[in-house]
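Heads up, the sequence shown is in our numbering, so the first residue is 357 and it goes up one at a time.
Calculated directly from the structure, the hints in this document are not laboratory data.
Please read these numbers as outputs of a predicted model, since none were measured by experiment.
Note that beta-carbon positions come from the ideal geometry of N, C-alpha and C, so glycine has one too.
Check the hints yourself; a few may be wrong.
Across the chosen pairs, the derived CB separations fall in these ranges [unchecked claim]:
no. : residue 1 : residue 2 : range
1   : I395      : D590      : 44 to 50 Å
2   : I395      : N575      : 51 to 57 Å
3   : N792      : K658      : 17 to 23 Å
4   : Y576      : N769      : 34 to 40 Å
5   : D717      : K550      : 23 to 29 Å
Pairs of lysine to aspartate or glutamate residues, derived as DMTMM-like cross-links and limited to a Cα-Cα distance of at most 25 Å, are as follows [to be verified]:
no. : residue 1 : residue 2
6   : K608      : D774
7   : K358      : D484
8   : K358      : D398
9   : K690      : D648
10  : K690      : E752
11  : K727      : E665
12  : K550      : E719
13  : K690      : D739
14  : K517      : E477
15  : K432      : E618
16  : K791      : D603
17  : K405      : E618
18  : K594      : D516
19  : K541      : D603
20  : K651      : E719
21  : K745      : D717
22  : K690      : D711
23  : K550      : D739
24  : K621      : E665
25  : K572      : D590
26  : K786      : E729
27  : K797      : E665
28  : K405      : E477
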Amino acid sequence: MKRGSFFCSLIIAKIIRIILKTTKLSGGTSVIGKIVLKICPDFLLFANKYFKTKINITGTNGKTTTSGLISHLLRKSGNNLITNSLGANMIQGVVNAISTELNPFCKYKYSVIEADEAFLEIIYNKFDADYLVITNLFRDQLDRYGELATTKKFIQNGIDKKHNLTLILNADDPLVASFSGGKEKVFYGVNSVKYENNLTQEKSGVQESFNCPCGKQLNYSKKFYAQQGHYYCDCGYKRPNPKYSADVILYKNCSVIKINDEEYKIPLVGLFNAYNAIAAISLCLELGIQKDTIKNNLNSFKVAFGRSEVKYLNGKKTLIQLIKNPIGANEVLKTADLDSHFLIAINDNYADGRDVSWLWDAEFEKLKDIKNEIVVSGTRANDMALRLKYAGINPEKIKVINDLITAVKYIGNNSKSDITILPTYTALLKIDKMKNFKTKK
């Protein structure tokens with residue numbers, strides 16, 4: 357009966373997906389997963405046998421881009437796989453992605469699943485795992501996770517369920533590097549960073565400090581941003597030596613990453629994206645993907661919607677960048693074009709995090725010299741407007757339009773320059789469903 361419910365749930369998932377696509381009632385990133393789990397609570401348990409190698413990606417920032425890069429490179433290497441490419445990473449979203457894509461008469465080489473930090477253990481209760489990539493741990497959604505120790509515990513609980521797991525860890529993040537368990541730990545990290553094309557390295561005002569296991573505060577010989585860098589303690593504790601060590605050159609339109617004397621070029625900007633790419637490349641090399649295959653296919657990678665993606669709104673080039681916590685927002689703001697017309701959309705739904713106090717930690721002061729009007733929208737538009745005023749932005753340049761659809765239409769009709777949109781997660785999902793945006797001019 358249980359196996360029958362599994363196949364029944366697959367059929368129903370595909371029917372609902374067709375209905376949702378036809379009616380456009382929903383983006384369908386998790387609603388199908390909820391229904392599937394009601395029909396077959398052990399869905400993931402039955403799905404295990406369809407995948408030879410199972411890969412997960414978790415961490416505070418960069419999950420969707422990292423999993424997208426991994427999926428892209430594996431597909432270009434001739435492998436078939438299933439991934440939750442839209443970034444719905446709670447249990448319903450994971451089941452949603454697998455149930456709508458899985459062909460019960462087919463075997464897949466890989467599953468590439470990004471997992472919300474708090475849901476990793478829940479997913480691992482039913483789903484096997486071979487590799488876990490952990491990107492970083494920053495303060496994020498304190499109403500859901502509390503302090504970083506809680507977030508770390510969520511992930512560690514998941515790791516403890518899988519003794520044959522290989523961990524791919526960011527050596528530069530002391531919290532990530534300290535995860536234990538699994539059968540093997542493979543570290544990646546940044547050796548040096550160089551800024552070109554008049555880009556300047558700016559130190560973030562949001563800094564994290566952590567104590568060594570001995571109790572003393574860690575020292576740094578190099579610090580890249582937040583707590584990421586080359587750390588050490590007088591007791592002898594220090595950053596692990598990465599197997600995949602990268603020298604990074606950042607340009608305005610791309611990044612060049614040199615890993616162990618091999619050079620890789622990615623069509624992504626910012627040090628945060630370079631870290632994502634290093635994680636993806638490291639995993640692919642561990643899986644035996646050829647270096648030349650990786651090099652030749654990085655340039656054709658298309659980012660997921662809202663992750664440094666370029667669209668066109670009324671013929672105007674529009675850069676859409678998700679923001680959801682102060683450190684991630686700061687890295688995005690470092691690359692901001694102050695000549696563009698800005699729309700900042702802040703929601704406080706569950707998936708965004710109810711607590712928006714992080715707006716006061718993000719360095720919106722970087723926008724004080726902006727030339728054009730800034731439109732603020734979303735359920736917390738007024739909070740964002742107040743934050744911008746305290747950031748030193750002329751109140752006459754701040755326009756509040758609470759309704760996001762109206763705000764998008766306004767900025768599309770009134771902007772005479774390129775557009776930058778910075779939305780939180782649920783605002784991004786709403787933008788994704790709008791017909792206003794085009795992929796080409």
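Verification of the supplied hints:
In this structure the supplied range 44 to 50 Å is violated for I395 paired with D590, their Cβ-Cβ distance being about 58 Å. A hinted range of 51 to 57 Å for the beta carbons of I395 and N575 is consistent with their spacing of about 54 Å. Distance hint check for N792 and K658: the Cβ-Cβ separation is about 20 Å, which falls inside the suggested range of 17 to 23 Å. Remark: the range hint 34 to 40 Å for Y576 to N769 is contradicted by a beta-carbon distance near 48 Å.
The hinted range of 23 to 29 Å is satisfied by D717 and K550, whose Cβ atoms lie roughly 28 Å apart. About 15 Å separates the Cα atoms of K608 and D774, which keeps this hinted pair within 25 Å; it holds. With a C-alpha separation of about 19 Å, the suggested pair K358 and D484 falls inside the 25 Å cut-off, and the hint holds. For the hint pairing K358 with D398, the CA-to-CA distance comes to about 8 Å; that is within 25 Å, so the pair holds.
Proximity of K690 to D648 is assessed by CA-CA distance (about 32 Å); at most 25 Å being required, the pair is judged violated. For the hint linking K690 to E752, the alpha-carbon distance of about 24 Å falls within 25 Å, and the restraint holds. Annotation: proposed proximity of K727 to E665 holds, straight-line Cα distance about 22 Å (limit 25 Å). Note on K550 and E719: the hinted pairing holds, with a Cα-Cα distance of about 22 Å set against a maximum of 25 Å.
Taken as a hint, the K690 and D739 pair is honoured in the structure, with Cα atoms around 22 Å apart against an allowance of 25 Å. With a C-alpha separation of about 8 Å, the suggested pair K517 and E477 falls inside the 25 Å cut-off, and the hint holds. Of the supplied pair hints, the one linking K432 and E618 holds, its CA atoms being roughly 19 Å apart against a limit of 25 Å. Proposed proximity of K791 and D603 is contradicted: the alpha carbons are some 40 Å apart, above 25 Å.
For the suggested pair K405 and E618, the alpha carbons sit about 36 Å apart, so the restraint of at most 25 Å is broken. Note on K594 and D516: the hinted pairing holds, with a Cα-Cα distance of about 24 Å set against a maximum of 25 Å. For the proposed pair K541 and D603, the alpha carbon gap of about 21 Å is at most 25 Å, so the pair holds. Distance check on the hinted pair: K651 and E719 sit about 35 Å apart at the alpha-carbon level, beyond 25 Å; violated.
Note on K745 and D717: the hinted pairing holds, with a Cα-Cα distance of about 14 Å set against a maximum of 25 Å. Restraint check for K690 and D711: satisfied, since their Cα atoms lie roughly 24 Å apart, inside the 25 Å limit. Restraint check: the Cα-Cα separation between K550 and D739 comes to about 36 Å, which exceeds 25 Å; the hinted pair is violated. Annotation: proposed proximity of K621 to E665 holds, straight-line Cα distance about 17 Å (limit 25 Å).
At roughly 8 Å between alpha-carbon atoms, K572 and D590 fall within 25 Å of each other, so this suggested pair holds. Taking the CA atoms of K786 and E729, the gap is near 22 Å; set against the 25 Å cutoff, the hint holds. Between K797 and E665 the CA atoms are separated by roughly 14 Å; this keeps the pair inside 25 Å, and the hint holds. With a CA separation close to 19 Å, the supplied pair K405 and E477 stays within the 25 Å bound.
Checked against the numbered hints above, the structure violates hints 1, 4, 9, 16, 17, 20, 23; every other hint is satisfied.
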